[in-house]
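Visitor: Letter by letter, the chains look like this.
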Amino acid sequence: MARAFEPVVISANDLFDGRVIYLTGKDEWVPHLRQAELITDEEKAKHRMAHALALSDRAVGVFLAPAKAGPDGPEPGHPREAFRAHGPSNYFHGKQAEEA
Amino acid sequence: MYHHTEFDRAFVVDRAQRFRDQVQRRISGALTEDEFRPLRLMNGVYLQLHAYMLRIAIPYGTISPDQMRQLAVIADRWDKGYGHFTTRQNIQFNWPKLVDIPDMLDALAEVGMHAIQTSGNTIRNVTADHFAGAAADEIADPRPYAELIRQWSTDHPEFQFLPRKFKIAVSGSPNDRAVVKSHDIGLRMVEKDGESGFEVSVGGGLGRTPLVGKVINEFVPVADLLPYLEAILSAYNSVGRRDNKYKARLKIAVQELGIDHIRELVDERFAEIRPKFDGTDQTILDQIAARFGQPTLVSGRSTADYDAAREADPIFRSWADTNLHAHKHADYAIVTVSLKKHGATPGDATFDQMRVLADLAERFGQGDLRISHEQNVVLPHIHKADLAALHAALREADLGTANLGLISDIIACPGLDYCALATARSIPIAQQIATRFDELKLEHEIGELKIKISGCINACGHHHVGHIGILGLDRAGVENYQVTLGGDGTETMSVGERAGPGFSKDEIIPAIERLVYGYLDVREDASETFLQAYRRLGPEPFKAALYPEKAAA
Amino acid sequence: MAQVVTIPTRPARIAALNDRYRHHAAIRVLRDALRDPELGRVAMVSSFGADSVALLHMIALVDRDTPVLFVDTQMLFPETLAYQQEVAAKLGLTDVRIIRATPAAIAAADPDGDLNQTNPDACCDLRKTVPLNKALQGFDSWITGRKRFQAASRADIDFFEEDPAGPRIKINPLAHWTAQDVADYIVNNNLPRHPLVSQGYPSIGCAPCTSPVQEGEDPRAGRWRGQQKTECGIHFVNGKLQRIQPAEAEPAEAETAAFEPVDGQPVIVRDSGFAADDFTGEILDLESDTNLDEANVNFREAELIRIAFPSFTDGRGFTIARRLRMAGYKGRLRAHGHVIADQFPMARRSGFDEVEIDADLARRQPWELWKRSSEVAPSYLTRLGRQA
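Chains as they are written, first to last, in our numbering: chain S, 276 to 375; chain F, 165 to 717; chain R, 228 to 615.
Hint data in this document are derived by calculation from the structure and do not stem from the laboratory.
Certain hints may be false.
Cut-off 27 Å, straight-line C-alpha distance, at most; resulting in silico cross-link-like pairs (DSSO-like, lysine-lysine) [stated by the list, open to error]: (1) F:K440 / R:K557; (2) S:K343 / F:K669; (3) S:K370 / F:K244; (4) S:K370 / F:K261.
The model shown is predicted, which means the values in this text are computed figures rather than measured ones.
Using the sequences and the accompanying hints, generate a full structural model.
Guide: Next up, the structure:
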């Protein structure tokens, strides 16, 4: 039953405004998924996760979000992550509006 | 509507101040997220996919024009210009910043509103019939009792950390518009030997395990209401399971221990608790009842304008046919303003629309506004002579949709577009169904048909009690929609049955279309509703319409 | 003359068994049960979950060839499957039988594997109840790890009971154990814990239906919460350990300013401030799941009753306190454990006199916070004439 490890990024919400944030390889929380560090190895994921929790004073609900490699950096690995990365589909709000 | 007392105002101001303090402590690090979470939840603050979400209580769905205007201010100033009315008579804002929420709570406190106990494992916002005080079929107005319960449950020291959330609904009519049997406690007003009281049922609920509430006491006199409720909560706090979140609701305790065991326990606790209430609550109840201003209903004013407008204007007539309900005074009507414009998000209102509704309630409706659990706004006391002018003003604000109770009047939860728990989207499915049937120009022909959509098994969209229920699932990372048939949320409550395999997001709209055409084919005549036809014929013809390839094979 | 043989009914046998073993410890029940002809062929059923290892250890001591049935619902956490192998190997269990629903049954009832999302109870039947009942058909009795403390619906289970699902006897050697007994046993015998326990799971079932999360919380946060929790009060900044600064603590009153929490010593919170424990008499301790209607203690006589709050989200203690007061208890009432400053007014209004916390919590939530939270707030209950 053990599944192959699927790539992840470390994500959370910002404590102050609730915005979706991602962790880069340089331990910075950033708003864009494509800047996040893509982790493809389970041991590393555990290690980075423990580290992220220790850094997490402005990050709430830190978790490993499914992702996949893309030409410009990580892309969402699940519909929920696609909505987190872009915003809802009924209004042009959230990240999609910030980036426009 | 209820006019708040100084005490009510002092209470909400105090709570807003406490929450400001808690936010500061969270930001300084004195509170961990684990410790802060239940505190923010007690004040209606969730963390959703994109942002925090603030859920504000509209107790028993009653709201004044001033309060509605303050919601408009909040939507405009701190959110993205709109609010979302929910299936529990609350309003949610989807984009507040945590650091702004104390200011938002202060703004609410100015008009006696709050977000207290709109989430968390505590007694939630008490809901009631949205036609209370106006409906022709009403035995008594349930709102004074709902307000009494609200006061008793607010900040109750024993019941802020229950095994799970706890919902109470009150109805004063034989026609149940408050879905009372799907609540942890459902109260139905009854009379016995000339005395007023309540039939009390417990252990109802939707969610993962849909169960119809069971009657625990056929008659609890009004004077015993609070001690009896306290006895139920005391028993639940002791025996409700805490080892599994999914088994923690009262309904599971009732199912596992049996209604007789629970009744025995409640009776024992009631004997302990009853002497602790000295009767002051009954005096307060009288004061509360007095603070619900009675509408001034005038007789003798001509309703000829109404009849004339019906003759002259087919658009008005269509709206009047669907969106009006019988008022206890024959010259008046209960108006439901649809927040389900075809293609829009069910239950959303912009700040402009909120202001228009507040103004119209003052101009035509004695300053009374209600929020229904079906995510619409009700103006309960409109003189028939004013209906045409009201309708014209509503149309100008894009609020004139004539679809109440029809296929496009859909209940939908926020779903995967916003909710951290959801497994699929709900809103786009509702939008597409409404748009499609509007194109077909079929919905008035179809007649009463309730579609309810939930984006996960927790069933916030009440799909179990939809004539057609749609449940969104996550199938290996792809949205999938399962259809249930024959649910009913009224006094003849039933839970819908699963029709068969699910549909992809591209297949679900054509499937619903086939299902509805199937119904039109089999109904006896236009007066037989979808639910009636389903109850007469059983699921087979409906399944055959949904799955034609199977039927052909 | 023909001899009359009476064969006792199963309920009668069960009553006799309960009587016979009334004062036995769990392991004696187990040892004797495996040999008792009344119980016939015995199997053990284990989920290899959070607490299972205690009973598995006992069965290995008594007879490691006992058949152990493990239901793999095919929805379990990979951690559970790995743990099952680890425990079986470590304890030397020789006859672990893995029970699954047949592929045909799954294809018929849950072809898409989403029954858990649409009808969780039907999913349990399909993947757990039906296969287990089938596997139990060759046995007369089976051993379970059920305990009274787990749920109110289990509050009166005994060592032996009738299996409502079939003509078998259920043996519950741990019926009288508390959560603490299990924890102690596991520590004392140095047994491996299920890996998810440290991640905040109080009980572990199938992956889709097990959640360690709190109301309103994002489930994705769950699996890592335990790690965060162990960090209460400390913080890493750029890799350096730092203690969190308490919220702008204003100068406290003279009497409490002098009080410094000491590690390992309780801090007592009263309306007058923090203090060391001044009570030297005998304390009556009540767990949060104490059933006052059955507790065989004369609480009226107790000078000080201390009610446990294993977690601040467990609000049972408030109702216990309230009921003690309603029953006329006049002595000192203390809440003990994980109680936070914001709950101080709830504790006081439910009948507690004081709260006992540890030094760490006292440092992180200094007296100023407790004081502020307890400042007199408007109370609807008082206004409604409900007496304390």
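Visitor: Against this structure, judge whether each hint is valid.
Guide: So, going through the hints one by one against the coordinates:
no. : hint            : in the structure
1   : F:K440 / R:K557 : holds (16 Å)
2   : S:K343 / F:K669 : holds (23 Å)
3   : S:K370 / F:K244 : holds (13 Å)
4   : S:K370 / F:K261 : holds (15 Å)
In the structure shown, no violation is registered for any of the earlier numbered hints.
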